Amino acid sequence: MKIKKNIKNFFAEYASFIFSVPAILWQVLFLYAPFLLVLYTSFKSDDSNISITLSNYITMLSSPYFYIIARSIFIATGVTFLCLLCGYPVAYFLAITVHRRWKNYLLFLLTLPFWTNFLIQIYSWIFILDYNGLINMLLLKTGLIQNPLPMINNIGAIFFVMLYYYLPFMIMPLYSILEKIQQDVLEASMDLGATHWQTFKYITIPLSMSGIKTGIFLVFVPSFGEFVIPSIVGGAHHMFVGSLVSHYFLVVQDKQLGSAFTIVSGLVLIICILFLHWLCSFPFRKIVRKRIVK
Amino acid sequence: MRNFNSYILPTIVIFFYFFLYIPIFILILFSFNDNPFTCTWTSFTWQWYYDLFASVEIWHALRNSLIIAVASVALSLMIGINFIFFGTHQFVQRTLFLFYGSLAMPEIVLAVGLLSFFSFFSIPLGTTTLIVGHTLLGLGYVVPILQGRFVELDKGLMEASYDLGATQRQTFFYVVMPLLMPALITAGLLVFIISLDDFIISFFCSGASVQTLPLYIFAVIRTGASPMINALSTVMLVFSSCLVLLFSFLHVKKTRMPK
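These protein sequence lines are chains A and B, in that order. Residues in the first sequence are numbered consecutively from 7, following the numbering used here. Residues in the second sequence are numbered consecutively from 1395, following the numbering used here.
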């Protein structure tokens, strides 16, 4: 009887704790433990003894594959920058310029492609860009070109489709931050004699900085590890971090080298993110400093 | 600058929407094209839709996808809401950052980790492993969304419920759950779409036996696409736009109610 009561008391006291644990357990077991496992595997040698070795890292760093990380950074940075450049005007228009009546329709139209399968979005561009795709067909029919243009299976196609796919990921956070900016602030700036451009540069951009950071994060991280878009529209020659990782794990099944490669590219990614973060806070700091000095 | 705001900016936006929608319109248009191999328009046909509904493989893949999506929505909501409601301990609150990990890592790292984990413990890959992976993805969205809503809730309501003699369980089911319902629906829909859409984790953790819809589409695209994919995309597009419309309609209705 007493034991039963004790158990009951125990549950009453710790019930809340017990119910909250599965979530933590799930994360630790399926996210952080696997990550540590990958880290451990990257230090293991081919023959399955326990000893720890650096040989995987040495093999990897001396292989030409290391160059692939640089290429991934290059393309991810390019895509992020272009997304920011193309996405900012759209987000600005949606948040500040457009009349309230059209806003909801435009937002709905913006999110709609986002809900469709992303493979289909990519596939639709193959359909258009292919050798006997729509654009080539039209150009050949009108006689503007004699031979089909090579618009697919090259780095340009990868860049273009990535830009298409990731643009909404940049626009959404920018929009949600820009929308919170009070119109009064912008009007006050104009009243005090600032031009539109000055208002934009000194008020709008610094105020939307957190949205820019989120957008950069949301575009840069997935586009660094992207392997679906290159493998569909990029042809066979363009390897990126994602394609190489999947090659190591699924094709040649070299887990040790694959893990080492994953860890190194993860570290590079973190460094890049920190650098971008620092870069983003730069203009804001500069403005603040100017104020203080004056 | 006035010129910029009233002419140049709208032009950019119109161009952007054109860019966003041109491939979708073309897909829909050519799903009715009789000629299967080129983009030249020959004549109108429903054939690809007949093929689509006759195809056993697609229905099988869709069934798998739906099972996995529903299971991961249920699991992630259940685990998430328990964590939010019961995890008010200081210690538990400090673990909140754990849930941002799945958002901060590229999905491929997640997938590789899960694959190594399953093969290390020699767990056979299949539907279960996919549900585990998608629930992990889902928790990354569910916990922040629910947490955000739960923090905003009036804690006085819960205290009132306790004062009136309700147990913790009763408070949970009769007070907290109804108040969190909009957030639960949003989060659930998001996880559902993410799970249906997910390719990378499915690609790594599905094994040879289970095929989901994205895996099927990927296989068809790689082996040379058939116009059936156009028909499939059109159907999915119509379906998802109906879902989003319905959802936004419900949402608008709900926010207007108090007036």
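Don't read these hints as lab results, they were simulated from the structure. Bear in mind the structure is a predicted one, so any value in this text is a computation, not a measurement. Virtual Cβ for every residue (Gly too), placed ideally from N, Cα, C. It is possible that some hints are incorrect.
Said to hold, decoys possible - Here are some chain B residues the structure puts well away from chain A; computed CB gaps all over 12 Å:
{"no.": "1", "residue": "I1408"}
{"no.": "2", "residue": "R1457"}
{"no.": "3", "residue": "N1476"}
{"no.": "4", "residue": "T1529"}
{"no.": "5", "residue": "L1551"}
{"no.": "6", "residue": "L1558"}
{"no.": "7", "residue": "L1578"}
{"no.": "8", "residue": "F1598"}
As the list claims (entries may be wrong) - Which bits of chain B does chain A cover? Going by a derived footprint, with three or more residues having C-beta under 8 Å, they are:
{"no.": "9", "region": "1411–1421"}
{"no.": "10", "region": "1437–1451"}
{"no.": "11", "region": "1499–1507"}
{"no.": "12", "region": "1530–1540"}
{"no.": "13", "region": "1586–1594"}
{"no.": "14", "region": "1603–1616"}
We went through each hint and held it up to the structure:
At roughly 10 Å from the closest C-beta of chain A, the C-beta of I1408/B falls inside 12 Å, breaking its exclusion from the interface. Every C-beta of chain A lies more than 12 Å from that of R1457/B, the closest at about 16 Å, which supports listing it as non-interface. With a minimum CB-CB distance of about 4 Å to chain A, N1476/B fails to clear the 12 Å threshold, and the non-interface call is violated. Listed as outside the interface, T1529/B is inconsistent with that label: its C-beta sits roughly 7 Å from the nearest C-beta of chain A, within the 12 Å cut-off.
With a least CB separation of 18 Å from chain A, L1551/B remains clear of the 12 Å interface cut-off, as annotated. At roughly 19 Å from the closest C-beta of chain A, the C-beta of L1558/B stays outside 12 Å, upholding its exclusion from the interface. Distance to chain A confirms L1578/B as a non-interface residue, since its nearest Cβ pair spans about 15 Å, more than 12 Å. For F1598/B, the condition that its CB be more than 12 Å from all CB atoms of chain A is violated, with the nearest at approximately 7 Å.
With 9 residues having a beta carbon nearer than 8 Å to a beta carbon of chain A, the region 1411–1421 of chain B meets the requirement of three or more and the stated coverage holds. Closer than 8 Å: that is the beta-carbon criterion, and the region 1437–1451 of chain B has 0 residues meeting it against chain A, so the requirement of 3 is violated. Counting residues of the region 1499–1507 of chain B whose beta carbon lies closer than 8 Å to any beta carbon of chain A gives 8, which reaches the threshold of three, so the coverage claim holds. Coverage of the region 1530–1540 of chain B by chain A holds. Counting CB-CB distances below 8 Å, 3 residues qualify, and the rule asks for three or more.
Interface restraint, the region 1586–1594 of chain B with chain A: holds (5 residues with C-beta to C-beta distance below 8 Å; minimum three). With 6 residues carrying a beta carbon less than 8 Å from a beta carbon of chain A, the region 1603–1616 of chain B meets the three-residue requirement, and the given coverage holds.
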